[in-house]
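Q: Sequences are here, hints too, so could you generate the full structure?
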Amino acid sequence: MAEKDESLQTCMLPLSRVKTIMKSSPDVSCISQEALFLAGKATELFIQSLAQVSLEKSTDKKSLQYRDLAEVVNSIDTLQFLQDIVPKKITAREFFEMLKQNEDEDEET
Amino acid sequence: MAERPEDLNLPTAVITRIIKDAIPDGVNVSKEARLAISKAASVFVLYATSCSNNFAMKGKRKTIAAQDVITAMEDMEFDQFVEPLKNCLEAYRKGQQGKKDQKKKSKEQTDSSKYHTEEGEGDAGSDVEVDDNENEAEVEDEDDEDGEQADSVADSDVMIISDASSDS
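Sequences listed follow chains A and B, in order.
Start counting the first sequence at 1; every next residue gets the next number (full-length UniProt numbering).
Start counting the second sequence at 1; every next residue gets the next number (full-length UniProt numbering).
Keep in mind that the hints were calculated from the coordinates and are not lab data.
Among the hints, erroneous ones may be present.
Stated by the list, open to error - So the derived list for chain B, only partly shown, Cβ under 10 Å to chain A, looks like this:
| no. | residue |
| --- | --- |
| 1 | Val14 |
| 2 | Ser42 |
| 3 | Thr63 |
| 4 | Gln67 |
| 5 | Glu90 |
Said to hold, decoys possible - Stretches of chain B that chain A covers, calculated by requiring three or more beta carbons in the stretch to come under 8 Å of a beta carbon on chain A:
| no. | stretch |
| --- | --- |
| 6 | 5 to 11 |
| 7 | 28 to 40 |
| 8 | 44 to 55 |
| 9 | 69 to 80 |
| 10 | 91 to 98 |
Heads up, the beta-carbon is just placed ideally off N, CA and C, and yes, glycines get one too.
A: As structure tokens, then:
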């Protein structure tokens, strides 16, 4: 029980760094110590769940690859805010095809 | 304030450890995936901060409080984090209370023996529930007494010096 309490009330991530990131956001003036701790904890939970969900999506369940993450980020609505951070990889050929398609559409309009 | 852009990244070693703890042993996580998760975590912090700050501003408060972070999680549709976070907050508050009590105890001890060395803050007293305000008042009183004593000592020092100077 004591050990469980310990893991609940300590954050693995360095709170000083979490604070730096939070303070880099505009309009933020003060952050209470409790809020900082919770933000750190929430990020920890977020990393865990992102890793777990991505592994479930992965094809072989033995390794976690970038494409698994990108797949998850692009298929789950709540992770939409990450779409620019973890974009799906496309080949150069696909990119040029998309480019050409766009140009064609532009010409039509 | 962040001086370097890398100050906005979370340490890779810690991220790797959290990922390892979350998934079964023997699963290989590619370097690219780890980097992506790390970046995602940083953005998550910013997103959570912005949401929490909105709630704080709605409440016309300048400081982001713990409740703002929890409400933000609901707003971000990470409802599954709400319960664990509430538990963490409770444990954290208990831990802080325990630390406070421990500090007071060591302070009282050192005050009575007149040794002003801080003893390490342990968590042993985390289960002890003491009325906070009452205890704080006591400690403050003792502090005042200490201050008066120090003043009187200083006064006598001045007296001695002035005596010596009048002699010469």
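Q: All hints are to be evaluated individually against the structure, with a verdict given for each.
A: Checked hints:
With a cut of 10 Å, the hint placing B/Val14 at the interface with chain A holds, because the nearest CB-to-CB distance is about 6 Å. Annotation: B/Ser42 was flagged as interfacial toward chain A, and the flag holds, the nearest CB pair being 6 Å apart, inside 10 Å. The beta carbon of B/Thr63 is positioned within 10 Å of a beta carbon in chain A (closest approach about 4 Å), and the interface hint is therefore held. Checking B/Gln67 against chain A: minimum C-beta separation of about 8 Å stays under 10 Å; hint holds.
Against a cut-off of 10 Å between C-beta atoms, the interface hint on B/Glu90 holds, since the closest Cβ of chain A lies about 8 Å away. Given a C-beta distance limit of less than 8 Å, the hint that chain A covers the stretch 5 to 11 of chain B holds, as 4 residues qualify and 3 suffice. With 9 residues having a Cβ less than 8 Å from any Cβ of chain A, the stretch 28 to 40 of chain B passes the three-residue criterion, so the hint holds. For the stretch 44 to 55 of chain B, the assignment as covered by chain A holds, since 9 residues bring a beta-carbon within under 8 Å of that chain's beta-carbons and 3 suffice.
Counting residues of the stretch 69 to 80 of chain B whose CB lies closer than 8 Å to any CB of chain A gives 7, which reaches the minimum of 3, so the coverage claim holds. Here the stretch 91 to 98 of chain B counts 5 residues with a CB under 8 Å from a CB of chain A, which clears the bar of 3, and the coverage holds.
Every hint, counting from the list given before, is met by this structure.
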